[in-house]
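Participant: The hints should help you fit chains B, C, D, E and F onto chain A, whose structure is shown.
Chains as they are written, first to last, in my numbering: chain A, 1 to 84; chain B, 1 to 124; chain C, 1 to 94; chain D, 1 to 142; chain E, 1 to 165; chain F, 1 to 269.
Take these hints with a grain of salt, some might be off.
In the SDA-like style, the derived pairs of lysine to any residue whose C-alpha atoms are separated by at most 25 Å in a straight line are [claimed, not checked]:
no. : chain 1 : residue 1 : chain 2 : residue 2
1   : A       : K31       : D       : R83
2   : D       : K88       : F       : T23
3   : A       : K31       : F       : C12
4   : D       : K62       : D       : R83
5   : F       : K40       : F       : S55
6   : E       : K162      : B       : I82
7   : A       : K31       : D       : A116
8   : A       : K31       : F       : R4
9   : F       : K209      : D       : K88
10  : D       : K38       : D       : L60
11  : D       : K88       : D       : I104
12  : D       : K62       : D       : S74
13  : A       : K31       : D       : R129
14  : F       : K161      : F       : S184
15  : F       : K161      : F       : T102
16  : C       : K90       : F       : V262
17  : C       : K31       : F       : N198
18  : B       : K118      : C       : T34
19  : D       : K62       : D       : S46
20  : F       : K209      : F       : N198
21  : D       : K62       : D       : W84
22  : C       : K31       : A       : E83
23  : A       : K31       : D       : L42
24  : A       : K31       : D       : A22
25  : D       : K38       : D       : V19
Since the hints were made in silico from the structure, they are not lab data. Quantities reported herein were computed from a predicted structural model and do not represent experimental measurements.
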Amino acid sequence: MLFLELVLCLVAALVSLVGTYLAIVEKDLLKAVVFSALQSTAYAFIYYLLMAPDIALVYIPVAVGLYPLLLVIAIRKCGRFEEV
Amino acid sequence: MIEGVLMLVGSVLILVGSLFDLLAALGLLRLPDLYTRIHALTMGTIGGAVLPLIGVALVAAGWVELGSYRWYLAGAAIVTAILILMLAPAGSHAIARAAYRARSPSPSYVVIDELAKKVRGGGR
Amino acid sequence: MELRDLAVSIVMLSIPIYVLAFLLYVVRIVKGPTVADMVIAVDALGYDLAVFLTILAVLFRVPFLVAVAMVLALWIYALDIYVAKYLEAKEVGA
Amino acid sequence: MDLETFAKFVINVVAVVLVLNAAIALYGLLARPNLLKKIIALTIFSDSINSFAILIGFRLVKGFENPVPPVITSVPPSESYARWFLAKSVDPLPQALVLTAIVINLAVTAFLVALAIQIYRVSGTLDARTLAYEKARRGEER
Amino acid sequence: MMRYVVVFLLSLATYLVFVGSVTLYDIVTGIAVSSVAATVFGRILVRNPRKLEVRRFVELVRYLATFIATEIRAHLELAKIVLSPNVSKSIRPGIVRVRYDLESDYGVTLLANSITNTPGTLVVDLDEEERALYVHWINVRTLEPEEIRDIVSRSFEEHARKIFD
Amino acid sequence: MGSRLLAALSMCAMALALAYALTVGVFSIYIPIELRPLAKILVTSAYNESTPLFSSMTPEIVTAVVWDYRGIDTFFEVAVFYVAIVATAALFRGIERSAPRTSVGLSTIVRTVTRIVALMIVVVGSAIILHGHLTPGGGFQGGATIAVAVALALVAYGLAKLVEHRIDYETSLKVRSLGLLGLSLSACIALIAALILNTNAYVFQNQPKTYAPIGLPYAVDGVLISGTVLLLNIFDGIAVAAGFALLLILLSQPEDVARERVLSSEGGE
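For reference, chain A alone in the conformation it holds in the complex (with noise of 0.2 Å):
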């Protein structure tokens, strides 16, 4: 069982790596918020499996609920995309 839970921590790792990525070079701001959900996401599941349910129940709400709803509103009242 340790041995499934180390191969998932690694794929969700990597993946976290590629969300985050994507969130910080995208231009669109609105995808940038889906990619970080994404790496929000991924994160929980890490900290699921490094056994932190306390961790996971107030990083879901908060990261995968409520950050995505501040930064819509911003980029709603704000224009979308990033100048460069």
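Facilitator: Okay, now just chains B, C, D, E and F, sitting in the frame of chain A:
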């Protein structure tokens, strides 16, 4: 004995569900536009999430070593399944409607489009 | 007892298939031409992750980990309707 | 590779990935011009650092079974249960430290978002370079 | 009164399943939380308390049987489409208009969710004044309105009417 | 898009290679086989009836640390949370009552589902709060959970509908203040009791300590309530939920009215 059979049925359901999940992922990659992809998403949530959750409930109910907690696991799995049955279609409907109204993307591979008259016929 | 071990090994067999499906979903999230495509891929990923967490809670024999799965299944819906409201209305809060 | 080495490898992968995430987020925080992008980068940065604390609290168990969360499930704990729990529980302290940090991060992020919205209302842009240029121009006028 | 009881029971059941044990503490706190939730949500959730009868719950079980049968057929159909070598040749997508004949919000929601939950059909929009659903259908077989209604929504609509109207 | 995916994948490969080098090399992260000494003390003393002077009598060790061992610290972190919300409200002063008259909302299907789900979210959040000392959870988790119900209602129904149902700025401000007041009072409850009984006690004292013989009972009739931990969890949950609701209501005020007010006040100065 009956517990063993329950667990076996449950695990087969989980296996079938995972196969549906793989099919849904393939469909999400292969189908041409958003609306057809949502059909694949539906397969991923009903066949790939609700079915294995019922399987998990059966497995948990049959696993005697878990003690009294197995009923908790089974009940929670069933409730999660009911939640997904309610939430997933509402979410995909919301996304489809918003994408149609925002015209991102416009449905291209369409034989007939009767909604266009209502949404786009009047003003624009 | 034979049956129980058989069932557990079948469940273990399904885990790599799930992980493969997750990776394919991630590919769709990365590729997705529009935001809506990405959001439905995140959706599918989230719901299947909830199932996966339930399976893991049974396999690890730690029962209250299943609460995390339930909470995750409730929240993935939120992202959907935020993005839908963004695309549909002029103000998200209106 | 035996299981202990593999466990070490995976923990190292997670640690490296978290450091890389923090580094990428720091790059975004410093180099991207849009204030909202900076806020997204800031949330990713703080989450990575928090995850690092959780990772430090992880442990291995003798015999390489999987550890259990720090919650006593049989109340009151018997002698044998207490020994078993001590042998398998992960470290609760980093989790307790991170728990409040996540919620406070959210409140601070909300404040930053409010600040960004207010800046947009007043100056009509969220580009850090344009804002700095505006400030310099106003200074010249005075 | 009836509406509060129903909401109370729903929230108590959710509470106890989520908590996962039935001790004295769970029951006391569960009753407290459920009474507060029932007083807050009762008027919002149940508009017409006279419709709460046992017959409707029996109908719910029969609806489930129809639902499962439709699901299996639709899943196999979509799996065939996904696995076919040329995907865009094997589908004929289109958005069709399906009229419905239901009164309550819950009935419409049940109908629309059942249609969306079937792979192959997806409710894109609904028009409450004309009582029509706009359904994205992956394999448009016919363009006759009544035939479309037969294939897509007839069985679900019967059950939804018996359950909620 | 292809080049970006390539960059991300090469980063993954780099992470794997670096981690492999670290594993065979010297600078590996230390993963303990035994618990650290401090954690060992926490794990053995969090629920231990034989050493009542050191125990917090809370089987959930994370909650025990948050609300007992480092209770004052957590209290000041709640104060930081409070200050952030006050700062947002101060930044947006003058526009908090400009709620729109009509709401747009989403379709009927989404509204109906949100209505049912909001009930379940509130119940689940209350369960997380009230079982914070028994299973994973507590005030912060439950409060954030309930806040998501407000967020969903806000998006699905619109702000005007929420104000109609009396979930507005004023109410959430009052509820939040009530939660914070309760938090401070239950922190001092042992102190107040000691003043009345003419003995000693500490602030944030849960169980009896040396030189402070009084404390809240950890069980009532065999039902475990863990002294002040339950009270603190409840009030913290109320404060967090109402605080986030306040933030969301403030942030989702309509933009045209708000901008007008902000610009006019700036011009007036």
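Participant: Does the structure break any of the earlier hints, and which numbers would those be?
Facilitator: 1, 9, 10, 11, 14, 17 and 19
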